[in-house]
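Student: The end of the sequence shown is residue 2208 by the numbering used here, with every number in the run present.
Don't read these hints as lab results, they were simulated from the structure. Positions of the beta carbon are idealized from the N, C-alpha and C atoms, including for glycine. Please note that a few of the clues may not be correct.
Derived DEER-like restraints, expressed as beta-carbon distance ranges [said to hold, decoys possible]:
#1 P1525 / L2138: 37 to 43 Å
#2 L2156 / Q2179: 31 to 37 Å
#3 G1857 / Y1707: 37 to 43 Å
#4 P1525 / K2007: 36 to 42 Å
#5 D1917 / G1762: 25 to 31 Å
#6 T1810 / R1904: 30 to 36 Å
With a straight-line Cα cutoff of 27 Å, these simulated DSS-like cross-link-like pairs (lysine-lysine) come out [to be verified]:
#7 K1659 / K1508
#8 K1818 / K1835
#9 K1615 / K1584
#10 K1969 / K1999
#11 K1639 / K1508
#12 K1758 / K1835
#13 K1818 / K1940
#14 K1940 / K1999
#15 K2172 / K2106
#16 K1940 / K1867
#17 K1969 / K1940
#18 K1584 / K1979
#19 K1818 / K1789
#20 K1983 / K1940
#21 K1867 / K1969
#22 K1659 / K1818
#23 K1979 / K1969
#24 K1639 / K1624
#25 K1979 / K1940
#26 K1818 / K1639
#27 K1709 / K1983
#28 K1508 / K1758
#29 K1659 / K1615
#30 K1584 / K1758
#31 K1867 / K1841
#32 K1660 / K1758
#33 K1639 / K1615
#34 K1624 / K1584
#35 K1983 / K1999
#36 K1639 / K1979
#37 K1659 / K1639
#38 K1660 / K1615
#39 K1709 / K1818
#40 K1659 / K1709
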Amino acid sequence: MLFFRSGLLLLALTTFASAQSSIKLIPMPREVHATADVPLPHGVRIVCAAPCSEEDHFAATDLGTTLQERNISSVSPSGFVIELTRLANHPVADFTAEMKPEGYVISATHNSLTVTAATAEGLFYGAQTVKQLIVGDGPKAVLQAANIRDWPAMKYRGLDDDLSRGPVPTLDFQKKQIRTIAAYKINIYSPYFEHTQQYASNPLMAPPGGSISAADARTLVEYAKAYHVTIVPEQEAFGHLHHNLTWEQYSQLAENPHGEVLAPGQPGSIPLIKQMFGELAALYPGPFLHIGADETQDLGTGQTKADVDARGLGAVYLDFMQRIVTALQPLHRKLLFWGDIAQDSPDLLLKMPQSFKDSTIAIAWTYNPEPRGFDRYLTPFTKAGFETWVAPGVNNWSRVYPNNNLALLNIQGFIRDGQRLGSTGALNTIWNDDGEGLENMNWYGILFGAAASWQKGESSIPQFQDSYAQVFHGDMTGDLNEAQKEMMLAHELLKQQAKTGDGSDGLFWLDPMSKDGQVYADKIRPYTHELRLHAERALTLIAQARAAAPAPPKSFTAAAAPYNPADAYPSNPTSLRETDAIDALELGARRMDFIGLKFQLADEIAQGYQRAYDMRMTNDHKQRQAVARELSDINGNNGRIADIRDDYSLIRDLYQQAWLRSNRPYALRPVLEHYDYTIGLWLARSDKIRVAQRQWADSHTLPTAAELGIPAPPPPTAAHQETN
């Protein structure tokens, strides 16, 4: 249920069945009937019923490893028994045919919990739910026992990860991504490539240190297999190929010089595609390949103009798509493609050959809420007989922190409508448009996408918001849930009231003293106080959550065992998990707070200098001292310029640390250079005003504000509006 109050999007809490109210799970199973809480002072004993296959043994080991990381023994002879078994060994009367591919049943008794499934996938997913049913750590852990029946609404539940617009994750972090998304029942990971997959047949394309090698690809595929995650590589095969087409040897294939769209009429276009996808197919042996083909806006503006003018954009686009699909037919893969261009030609889609429809899956995409529903993105394909997936987004791109107001509603509505219209999959998306994206900021939207694609119908946003912090972070206080909401309120304030878009990277970097900055200053000025309170409330909540459940010392890890549990968990029933994501949330809140502070300080600089300038002709000793104080407040040790310089510097260092926790060093330099340039800008201002300070000390004269690059101060009423 959604409603608006005072221009801010608020998500109302709903009342859940009493059996589910105390059990927080992501995704929420179809049927949950709580029985009784079971303390686990002696841990558990995990049993894989014979015959225990290699896959089932992995599920049991994975469950045990996770519990051991939380200081819960998984092999205790006196521990509570958790048994993993196949349906053939343990028949369940209400285990339906619909449940068999990936579903599971959890049955609770007073001394055991049994997970039953027909397949390895189902048993693995049941074990993931067991992880969440155990709350707390160490000897204070508690099993929230329940009887559960569960199976997915959608066959394919995926994450599309942009590896081509700056950050490229390390192989270790990609493995962490696989482990994490699998824990929330996502079964597709799709790395997005424009130029960052290495090809032996096209060695120029991939940048050194910023691309995925064949060895990395093979390693990740094998690693993901154990977690029942299929790697679906996306290599752009039509548009978004700028980095490839800037090479001279491929320049003749571009629609426009150094552009980003392949010219369909060029004889070398199809051979290039065949080369890339031939290698991809060998590296990634799953059933799908993704050919991209979105946003081909340049098509018809260069080499292909005459053809597009004669036959129309849709006809030229779909003809080339058909040639691509035909050329890749020998690979025997289902080809995914983005639907944004083809959806505008519904009549032509109807006429496409059945072989094309059988060989492809159209992925409809859009990344904002649609109050009237998402049917228009899907029906051009469903009416033409295409299989479809839906692709919402986590709304992380070009923002100081993802805008989850937009992300949650987009994910909720699009996946709901996709299920209703027969879409077989959902591919939630991460994009790093300006190169500043941090993977650990995105888990909130990723996990809601996992929930929405597993759960049937419209997933509850309030239910997810109430569960997230406990399930993902082990935060029993709920403070991290509230911190996420504060960040949403900050975004909404900027979007709905200040009308500045939202908490964008552009707003973070904008010089408040520039001409453009002054335009935005007029918009944001009345709201900086409230904006900062939201961000600082988030920071306070994060600190409270950390204090209530501190993570174990670095030496007290599973890898460093054995250790004394009483030392690692002296008084807390739980310890925070996924702390890198908490650090990323804190960084986002600091950046959001700084947006408001920066505009406040710029106003104070302008006002202070105006007061000093107005007193410049005085002969009064106290007023001359006041002029010096005003200048010092602007440019002293604790002056406004130093505040801006120091905050940019601190955030720069925190950002660099966060980047290197998940990404290769490649593409970090331009972002750090942006920080250094901006810090240098304020250092230069400091030097310029220092000259004015010496001028005042020497001659009791001052340059004009304009000569120093200081804008006129805001009108007094506007400056104080926020406190009224």
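Student: Between K1659 and K1639, does the CA-CA distance stay at or below 27 Å?
Tutor: Within the cut-off at roughly 22 Å; holds.
Student: Could you grab the alpha-carbon distance between K1508 and K1758 and see if it respects the 27 Å cut-off?
Tutor: It is violated: about 47 Å lies between the C-alpha atoms, which goes past 27 Å.
Student: Is K1983 close enough to K1999, meaning Cα to Cα at most 27 Å?
Tutor: 18 Å, holds
Student: Would you mind confirming whether the straight-line C-alpha gap from K1969 to K1940 stays at or under 27 Å?
Tutor: This hinted pair holds, its Cα atoms lying about 25 Å apart.
Student: Just to be sure I understand the hint, the distance between the Cβ atoms of P1525 and K2007 should be within 36 to 42 Å; is that true here?
Tutor: 58 Å, violated
Student: Would the hint linking K1639 and K1979 be met if the CA-CA limit is 27 Å?
Tutor: 36 Å, violated
Student: Against the 27 Å threshold, does the CA-CA distance of K1709 and K1983 hold or violate the hint?
Tutor: Violated. K1709 to K1983 sits at ~46 Å, over the 27 Å cutoff.
Student: Quickly compare the C-alpha distance for K1979 and K1969 to 27 Å and report which way the hint goes.
Tutor: Answer holds: K1979 to K1969 is near 15 Å, not above 27 Å.
Student: Just to be sure I understand the hint, the distance between the Cβ atoms of T1810 and R1904 should be within 30 to 36 Å; is that true here?
Tutor: 33 Å, holds
Student: Under the criterion that the straight-line Cα-Cα distance not exceed 27 Å, is the pair K1818, K1940 satisfied?
Tutor: At roughly 25 Å apart (the allowed maximum being 27 Å), K1940 and K1818 satisfy the hint.
Student: Please test the hint of 37 to 43 Å on the beta carbon pair from P1525 and L2138.
Tutor: Between P1525 and L2138, where Cβ atoms are some 39 Å apart, the hint holds.
Student: For a C-alpha distance cap of 27 Å, please report whether K1979 and K1940 respect it.
Tutor: 31 Å, violated
In summary, the numbered hints that this structure violates are 4, 10, 14, 18, 19, 20, 21, 24, 25, 27, 28, 30, 32, 34, 36.
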